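Participant: With chain A's structure known, arrange chains B and C on it following the hints.
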Amino acid sequence: MDYFSRQKNTNIRLTLPVVCFVWQIAMIILFGVFIRYDEESDAHWVETKAHDNITSDIENDFYFRYPSFQDVHVMIFVGFGFLMTFLKRYSFGAVGFNFLIASFGLQWALLMQGWFHSLDPQTGKIFIGIESLINADFCVAGCLIAYGAVLGKVSPVQLLVMTLFGVTLFAVEEYIILNLLHARDAGGSMVIHTFGGYYGLSISRVLYRPNLHQSKRMQGSVYHSDTFAMIGTLFLWMFWPSFNSAITDHGDGQHRAVINTYLCLASTVLTTVAISSLSQKTGKLDMVHIQNSTLAGGVALGTAAEFMISPYGALIVGFFCGIISTMGYIFISPFLEKTLKIQDTCGIHNLHAMPGVIGGIVGAITAAAASESVYGKQGLINTFDFTGDFKDRTVLTQGGYQAAGMCVSIVFGVVGGAIVGSILKLPIWGDPADENCFDDEVYWEVREPESIPPILEYNNHMIHKQQDLSESNFSVEHCES
Amino acid sequence: MDYFSRQKNTNIRLTLPVVCFVWQIAMIILFGVFIRYDEESDAHWVETKAHDNITSDIENDFYFRYPSFQDVHVMIFVGFGFLMTFLKRYSFGAVGFNFLIASFGLQWALLMQGWFHSLDPQTGKIFIGIESLINADFCVAGCLIAYGAVLGKVSPVQLLVMTLFGVTLFAVEEYIILNLLHARDAGGSMVIHTFGGYYGLSISRVLYRPNLHQSKRMQGSVYHSDTFAMIGTLFLWMFWPSFNSAITDHGDGQHRAVINTYLCLASTVLTTVAISSLSQKTGKLDMVHIQNSTLAGGVALGTAAEFMISPYGALIVGFFCGIISTMGYIFISPFLEKTLKIQDTCGIHNLHAMPGVIGGIVGAITAAAASESVYGKQGLINTFDFTGDFKDRTVLTQGGYQAAGMCVSIVFGVVGGAIVGSILKLPIWGDPADENCFDDEVYWEVREPESIPPILEYNNHMIHKQQDLSESNFSVEHCES
Amino acid sequence: MDYFSRQKNTNIRLTLPVVCFVWQIAMIILFGVFIRYDEESDAHWVETKAHDNITSDIENDFYFRYPSFQDVHVMIFVGFGFLMTFLKRYSFGAVGFNFLIASFGLQWALLMQGWFHSLDPQTGKIFIGIESLINADFCVAGCLIAYGAVLGKVSPVQLLVMTLFGVTLFAVEEYIILNLLHARDAGGSMVIHTFGGYYGLSISRVLYRPNLHQSKRMQGSVYHSDTFAMIGTLFLWMFWPSFNSAITDHGDGQHRAVINTYLCLASTVLTTVAISSLSQKTGKLDMVHIQNSTLAGGVALGTAAEFMISPYGALIVGFFCGIISTMGYIFISPFLEKTLKIQDTCGIHNLHAMPGVIGGIVGAITAAAASESVYGKQGLINTFDFTGDFKDRTVLTQGGYQAAGMCVSIVFGVVGGAIVGSILKLPIWGDPADENCFDDEVYWEVREPESIPPILEYNNHMIHKQQDLSESNFSVEHCES
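For the protein sequence lines, the chains are A, B and C, in the order given. Numbering-wise (the UniProt record's numbering), the first sequence opens with residue 1 and increments by one. Numbering-wise (the UniProt record's numbering), the second sequence opens with residue 1 and increments by one. Numbering-wise (the UniProt record's numbering), the third sequence opens with residue 1 and increments by one.
Worth double-checking, as some hints may not be accurate.
Lysine-lysine pairs mimicking DSS-like chemistry, simulated, CA-CA at most 30 Å apart [stated by the list, open to error]:
no., chain 1, residue 1, chain 2, residue 2
1, B, Lys-49, A, Lys-49
2, C, Lys-391, C, Lys-125
3, B, Lys-425, B, Lys-341
4, B, Lys-425, A, Lys-281
5, A, Lys-377, B, Lys-49
6, A, Lys-281, B, Lys-216
7, A, Lys-8, C, Lys-281
A few chain B residues facing chain A, derived, Cβ under 10 Å [claimed, not checked]:
no., residue
8, Ile-28
9, Phe-31
10, Val-374
Restraint-style ranges between C-beta atoms, simulated for each label pair [said to hold, decoys possible]:
no., chain 1, residue 1, chain 2, residue 2, range
11, C, Val-374, B, Ala-50, 39 to 49 Å
12, C, Glu-372, A, Gln-378, 40 to 50 Å
13, A, Glu-372, C, Ser-118, 53 to 63 Å
14, C, Val-33, A, Thr-55, 37 to 47 Å
Read the hints as simulated data drawn from the structure, not as lab findings. None of these values were measured; they are calculated from a predicted model. From the three backbone atoms N, C-alpha and C, an ideal C-beta is built for every residue, glycine too.
In isolation and in its complexed conformation, chain A is listed as follows:
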């Protein structure tokens, strides 16, 4: 068995280029058939403006959403990418594969979300604008979360397959939750984090590696890799207000979502530090907690950020998320690995799955508790979009649908992950052997040989010196550095 595994073929020189080329060509064809500029990004905008009596270009949705879009974009590529660089020797894979699958995923997401949400029935086209780009980034986030669970244990080809199916499943569950159930989920507690979390955990369960301990030497962090990871943490943390407000209503909706998320995350930091300190004999802090659990508040406010949860409500959510998420790293992750055989490299259960579920519950409760006195009559209608088919829905009913939405995201994550995991188990994807996990050597040209970090040259130099010393005589007398 051990011998067999060592023989695993990680040559991806055929599969990776083929997948990249074929899928990218498919994207081009499908975009050619389906995707067009929407009226705010089309050169006919000048006519649209005249027709709709829009007085100024500043009314273009672009100016409401572009700053948030760029922040979200940074979270996807720098935030998620660098958060995963904490492993001592998997930074290239963390940042690089994150880059690859996000770039593919966002194209596929534009198509999938377009077909489900905005296919124009008359023309058969999907019209995209800045909000579509944000939604595509959001969709990709779900797959990047899942990547966290299998980090270091899969090949880039497997990641692309995982992204293809992940985006597909995402678009369907999102359609069910947002359109059919008419649940609200602007920051994606359910749609993004709960789904993405369980999708990844489920895949990781199916791909369980009983002999993963053979890569133990590669599994920790080193000082600078932990510092790199803090870049990811901070950009996620700082821009999370933009994440939760990027597609909320213009005006007070965006404004309120920012305030709530800002406060919630601040609160999370303090309780994360508290529990982290409590967990160690002399009160020392653990970088794993600081890097991850400090973000749990942002996840948990994904649904309720746009609601009138009130500033202290946001603080309370953050308070408990910091505690629960940090405790997850201390108690639940080891349990999941030992008992449920779920190997979760980045602890996405503690950072996304659990806080996502909390977010779904908080959203359901806050929705059910909404009242006209707090929101105002029109405010209530705007916030929950009680228009059209849903104009007679009560807040209590809305709360119920919110809860239902959360169940849908869990089911899609778990079941979808199990199926996709089975596909990824096929021995054709070039995944690494158990003793080669968490090692960039497998898929990257690394200039220094494995486990001989930056100072190779100097050390060689030293060895030679010693050789000289040794060779010259049996007792060295003039040794200079």
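Facilitator: Just chains B and C now, with coordinates in the frame of chain A:
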């Protein structure tokens, strides 16, 4: 004495969690009592709009200030955090404690600033919006500046105490300077940098450690830690135009503050490089100067950025700040340490205190020299807010009040720092011994043992090899790398 | 010869400070004479508003362009700076000199571009606003691209000279291309990337070092330096949509440019990965390709981003750019070095010059193929600015002028670079000897001795260990570090 100090108890397993929990709970209660959404972030915004004849959501203050807010937010967490990672072995403490105290500080700042500036007398509530968040971040900046002086020498509990009092003092001096004296200080040369600088220096003086040389081995930088620090430098430098313009007047006020700060900082870089090169025998540059003094121009334009200082005026301010700040690192810092016993880890005297005072003076002069011909009649009123009680104030008087404001910030910094320093001297806060300063080992779980950096494994491996070699015979013949 | 080169004088203690001081003082004087706030950043804005019937401050151009400006600013300082940190021992030079020359260049660019584009004939003044700052950053980008070709081989004084002339040439070619030929080039495929690329390559050719192999030991990357470089890559990649849309038309122009660039870059990532994988025996990826070629799509869409190239058109451009750029690194760079004697440290030929030319061609074709049915009558006029002297120009003619513009940029780059290269060959600029290239030691105070990275201390420690070992069995007796 030395023995005693070695015995210092740095166990913070009780104090840190207790402080975090109790203070966070206090925040929740106080927010529950006092903090509410303002009318632009409340769901009643739709009614406000109708009532005030606001035609478009884009008029919501959110869209004027959100991009600047996010830039300021990045400065606080990535900028200040990474700027302090330059020490070879204190990056976790730099980024991590910065993260912790900023997260607490911004909550406390919302309350303190709210009570002083915007407590609604009728409802007894504080109404917050995007501008409040920016002001909270600003307030926190003062404490992070102070952190720079004591970096590596205090415990996280001390930092939290320092932040609690720092924010409190800040809110009071800010109230005196901006409201009572009616001085202008949009980018906080006086209110933020002068106060924060002297607050930190004063604390550092009280906490003077005569035996700090025992930590000398930890006090320098290494190659990659200096590179990390440049991330902090650049994000501060690039986003400083947003810092100085974040709360200035809509329209020309924000526009002008950006242009002035952009130019001033560019000029600072050239003179910093010049003096740094002059200070070394062969003209080599010193990373300490590049990392810090290049920012002095932004500090010094904090007050005058919104004034009609004119583009070449901004360049002149930057020109002198680069010179003075770099010379500060070369001449003044050693003097402060030897003569005044002020140990200033990051050199905040050169980056914040001195340039802050310069900024106050520049502001006073520019205000006193303002004229209707340059500003226009209404422009003058808008820029200096000569309305209400202050509608008859002349620019000369304004200049005087500006200067008075600067004195207030110095006094608050020095006196406040002395008092808070005395509190921090109590032997209950878990600060490190003199020979354990600048070392993450004390408060963080560091995976590799102290002073054995990333390549532990390989080196161990090498040692074993050598051991084998040594054991095998007296002359080494088969040494492989 | 070798001896001579070893004797090269890299002392810049006189030249660097003198250049910095004199040039900065010149900037101050010229700014004093020429540069003023434009009407949107002047305190008279309140009168301008009244006069022009502008109803809201949000109509100030500041709010249309500031978010994009800050993104561009990040690209210039963090993007270009960190992209070049990949060398194992030239990170200070990469980030630091990038910082220096950009800070000088942007001031000089405001003057040069002002004189050519916006000198007010009546007052003899240049009025600047946010768009001027963006254009100055753009102009600087051309010089930073050129820096990539000579990275590690020139002194900071040479870089400043290169920037002085580079900005000057840029302003002239930009004037010819945009004003005289009336070509469109919002993202600067021609004006910035083609010019900057050939300018740098041409200089590098003139400064050819036949014995550069003597610095071979310093020429590679190490693990963490490659990770630092990915910070540069990602910030360039993420913010490229802002780069290409920063100065396009308000409304649909900016909106469309963002969508096109976003899509194009995503497509580039996939084909870059495919070719990179194909180029290695076992399909491993090469960080050089991922760091650079993934950006080629952004370069190539610089001209056409604002046109109705359609989403799938953008994907196609990205598709081919990823292929061509990566192949450039594999095949063309070695050829250029061996045959044409062009030593191109960062491979700017593959990242800027070639994709820039592609961008020019794509722009010419897309312009020539534009039609009223696609753009709308007014849309066509707005997009190509067919007003004033150019109101009768046809799209076909426009295509021709676009192509002519590309030729102008190549000629300016090649010829300008040859001349400037000759100036830089003078033996007065303090450039490093052939065996000291790519080494920060030459121009920076580096705390650890050359090629003895971070762990010096530990190694000393190790030596002592060995001493113990050796002592025990008769060998080493007096080994001091």
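Participant: All hints are to be evaluated individually against the structure, with a verdict given for each.
Facilitator: Hints, one by one, checked against the model:
1. Under the criterion of a C-alpha separation no larger than 30 Å, the hint pairing B/Lys-49 with A/Lys-49 is consistent with the structure, at around 22 Å.
2. For the hint linking C/Lys-391 to C/Lys-125, the alpha-carbon distance of about 29 Å falls within 30 Å, and the restraint holds.
3. Distance check on the hinted pair: B/Lys-425 and B/Lys-341 sit about 16 Å apart at the alpha-carbon level, within 30 Å; holds.
4. The hinted pair formed by B/Lys-425 and A/Lys-281 meets the criterion: a straight-line CA distance of about 25 Å does not exceed 30 Å.
5. Among the hinted pairs, A/Lys-377 with B/Lys-49 is consistent with the structure: their alpha-carbon atoms are about 14 Å apart, no more than 30 Å.
6. The suggested pairing of A/Lys-281 with B/Lys-216 holds, with an alpha-carbon distance near 28 Å, which does not exceed 30 Å.
7. Restraint check for A/Lys-8 and C/Lys-281: satisfied, since their Cα atoms lie roughly 16 Å apart, inside the 30 Å limit.
8. This hint holds: B/Ile-28 has a C-beta 5 Å from the nearest C-beta of chain A, less than the 10 Å allowed.
9. The criterion of a C-beta within 10 Å of any C-beta in chain A is met by B/Phe-31, whose closest approach is roughly 4 Å, and the hint holds.
10. The criterion of a C-beta within 10 Å of any C-beta in chain A is not met by B/Val-374, whose closest approach is roughly 29 Å, and the hint is violated.
11. Between C/Val-374 and B/Ala-50, the C-beta spacing of about 40 Å keeps the proposed range 39 to 49 Å intact.
12. A hinted range of 40 to 50 Å for the beta carbons of C/Glu-372 and A/Gln-378 is consistent with their spacing of about 43 Å.
13. In this structure the hint that A/Glu-372 and C/Ser-118 lie 53 to 63 Å apart at CB holds, the actual value being about 55 Å.
14. Between C/Val-33 and A/Thr-55 the beta carbons are some 40 Å apart, a value that agrees with the proposed interval 37 to 47 Å.
The structure does not agree with numbered hint 10 stated previously, though it agrees with all others.
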